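**Q** Here are the chains, one letter per residue:
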Amino acid sequence: MSRILTRRRVIITGFGMAGAAGVPAAARLASRYGLIPPDPGGIYGVGETLTYASQRLLLSRNSLAREFDRSQISKVFPVNGPPPENGVYERHMARGFRDWRLQVDGLVARAASFSLADLKGFPARTQITHQACEEGWSFIAEWTGAPLSYVLNLVGVRPEAKYVVFFPFDTNWDSLDMPDAWHPQTLLAYGMNGQELPTPHGAPVRLRVPRQLGYKSVKYLASIKVVDSLKNIGNGLGSISPEIGYSWYAGI
Amino acid sequence: MADSAQAAGVPAEAKAVGSPRHSALIRVTHWITALGFLALLVSGIAILLAHPRLYWGETGGVGTPSLLDLPLPFVLTGQSGWGRYLHFLSAWVCVWTGLIYVLCGLITGHFRRNFLPARSDLSRHYNLFQGLTYLVVVFVLFPLMIWTGLAMSPAITSVFPQAVTIFGGQQSARTIHFVITNLLVLFLAIHLIKIVASDFTNRMRAMIMGKERA
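Line by line, the protein sequences give chains H and P. With the first letter of the first sequence counted as 1, position 216 gets the number 215 in numbering that gives the first Met the number 0; the numbers rise by one all the way through. With the first letter of the second sequence counted as 1, position 117 gets the number 116 in numbering that gives the first Met the number 0; the numbers rise by one all the way through.
The following block holds chain P by itself, in its conformation from the complex (with noise of 0.2 angstroms):
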């Protein structure tokens, strides 16, 4: 890319300013799970809805103690049928996107030169706590997002046990995947933000197209 940069006549010194720019590949693959995201986040509510209430250790259900009583309506026609199948079929695009994007980042440096704290904090783009940010978000929120959702997983759980006893059941299992599903939420909320706030026009070129205007 900065060869390109270079090549079409942009000063080197301007792309140190304003936005970041974004390689096609931190583009397409921040699209894609985009919209693979909100899949889930819209089919993962269609499938709460089936039974609004939360649960900790192996078991749970209607007539036993609850951790949390969401105040939503126990919705049973149904929709959790094409909640499910959306929310499977996103979480495959997620994951084999977001494996690219992880390689693709460990192997150009990416997460190091752009999220890691840099020594005498001159990374050039984030500061120090929205590069912390992205980094738990790439490598701690969404690997626990799958593995909580595996860990529900009868057939996966029978070869690979500890995958839901760590958690202490299948049921603490689905509880975490909703705390992180909040968590990923709230961070989206701040992502969003943070973008409308500082130049929405800017960022938006910059993670569409991969330049800034000059």
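Isolated chain H, as found in the complex (with noise of 0.2 angstroms):
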């Protein structure tokens, strides 16, 4: 009997032991392999944090969304919100964002900024993707525009990148990290099915991530930055959603 508690003990007090140890080393491994999402704080980050390690780890960092046919392109195109109604904006759209363009800067080696017609002139990707709400409705629709990955290569991203962050005329920033930015299915969309990409859908352009939820989709950009860190920015959990009580990974 006393035997058996002694090796107990052992073995509860050297696993204790190796935890007190093993978790501030895993930790700091799994930050330095990008295995930490920026919103990993409380009870609910070790939920996200474990989702967001384990899709990182386990599954590709390229597979490709599915893609679907013609035919399968949804009837209806369902949208949450109100384009934003501030002047900037309203500005730009009566003028037919003829004026508008869109700043990218941070840590690259040639901060620009490109006009719509900038971007209509950069080699087009179009892809017909699944676009699912958190809510749980969902469509499927074709998207154009240029891949966020030649973007990123015109302005050269320093190797210290750890993030790419979103800026539309609304308060619905979001950030990507370097997977998901050089992820080929990642557009800068100006078009949805075969037309100019339709206002409420975020013109005159907005983000596409077809691996992520509806959410991630950043509508009505404005500018893009180029990050390191995302502590200084709005509450520093790299998105304005972890800000109103949604995780800032949505790959689920």
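Covered by chain H, according to a simulated footprint, are these stretches of chain P (three or more residues, beta-carbon under 8 angstroms):
(1) 54 to 63
(2) 82 to 90
(3) 147 to 156
Hints listed in this document are in silico derivations from the structure and should not be mistaken for laboratory results. All figures in this text were calculated on a predicted structure; none of them were measured in a lab. All C-beta atoms, glycine included, are put in the ideal place defined by N, C-alpha and C.
Starting from two chains that each stand alone, build the complex the way the hints lay out.
**A** In structure tokens, the structure reads:
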């Protein structure tokens, strides 16, 4: 009896000590390999971190979201929320986004800004993908745009870059880690179903990130910033979403 | 457990009658799963309330034909936020607990001994229907729950598209996820009724402390 108890105590103490030493070491290692999301705090952060880390570890970084046939394009394309209600955006819209420019700066070799015509002049990608809202509804649409990776290559991303941050004309800013930023299906989309991107869907240009839920596909883009830390942007959680109770990573 | 029972002076025959005895592993995994399932259910309802309508196929939304309109209000005031956080946290808890339970159950022969129908129906603790029900819950319903859950993830299906196409689409997976939830709740209801109806105190003692009153 006493022998078993002793052994048990040894095992428990051993695990306890290994755990106490292992957790900070594992956290440092995970952080180094980009396995900790920007919003890992609190009890719910444990689940978020497990999901993000396991997907980044186990799933291929270049796997393509499912693409569909033209015949599968939906007939209804619901949207959540109205276009930005501010003077700057409304003036751009009134002028057909002729003077709109997408500023791209931060940790890049050559900060630049691009007009809508510039973006349309870049090699385009068209993809028919599924977009699901976290609420439960979904639709399939065809999107046309410039791959974000093409624009990132133009401006020359510096090696210390860890995130790309997207600022729209409204408050719904967000960010992507580098695997999703460089992903071939991540588009700066200006076309939808063969037409100009309709205003409710984010005109003139929106992000499309088909490996994540709809709310990551930021609409009404105004500027893009490449950063090595999200600490000083908003509440430092990488997106407006965690500030209003939703997770930064939406690949689920 | 058998050794410790005899060491504690319990006659061997006492084990064969009355409430089943449960190993520490089964008791711990049972209660963690019970808590996790409750959290999944509550948070799942919070998520469902954002869009209490079910579809078949790949897509669906307001303005498209639905399979089932639940008589529930659309609650769009952010209840799905904490719902989603709690849902995925408790899913992790349940998946790990379930894996440990199933692996240990296979190694120790728990499923074979206690749930598989015995040749001469001499299974001590459960009748044929009960045993099969537990097996279906553990090996069919819970795995399907995990599968249909993962089939709604655009990141997962980018790697394993068949995970969702086999169900006919993302909305079908969501609908099946909901249907299995109902089956699991039905199982839970019968499970609870049977415990209350048989011998509540002893059944609870058995699942908490591992032994029934002598």
